[in-house]
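S.K.: Sequence:
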Amino acid sequence: FDRTRARYQALAAADDRTVTLDASQPLAVVSAALRHQLTQWLRAQAPSP
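Heads up: the sequence shown at position 18 corresponds to 49 in my numbering, and the numbers run straight through without jumps.
Hints are computed from structural coordinates only; laboratory data are not their basis. Some clues are possibly wrong.
Restraint ranges, calculated between C-beta atoms of paired labels, are given here [what the hints assert, rightly or not]:
| no. | residue 1 | residue 2 | range |
| --- | --- | --- | --- |
| 1 | T51 | P78 | 23 to 33 angstroms |
| 2 | V60 | Q40 | 12 to 22 angstroms |
| 3 | F32 | V61 | 16 to 26 angstroms |
| 4 | S55 | S79 | 29 to 39 angstroms |
We put the beta carbon where it would ideally sit given N, CA and C, even for glycine.
Please construct the entire structure, taking both the sequences and the accompanying hints into account.
M.R.: Structure, rendered in structure tokens:
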């Protein structure tokens, strides 16, 4: 597990398209962070006028 997690973290750090969230936070905090990141991503996907 630790080796796999370390590899994932290295890949995520090297790719600016990857977002990691700290899931050890309270559920409300994680949910808000996820909602924020998803909203940002969806806005970036929208076609420009």
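S.K.: Now, for every hint given, state plainly whether the structure supports it.
M.R.: A quick look at each hint next to the structure:
1. T51 with P78: 23 to 33 angstroms: holds (28 angstroms)
2. V60 with Q40: 12 to 22 angstroms: The hint (12 to 22 angstroms, Cβ to Cβ) holds, given that V60 and Q40 are roughly 20 angstroms apart.
3. F32 with V61: 16 to 26 angstroms: holds (20 angstroms)
4. S55 with S79: 29 to 39 angstroms: About 37 angstroms separates the Cβ atoms of S55 and S79, which means 29 to 39 angstroms holds.
Checked against the numbered hints above, the structure violates none of them.
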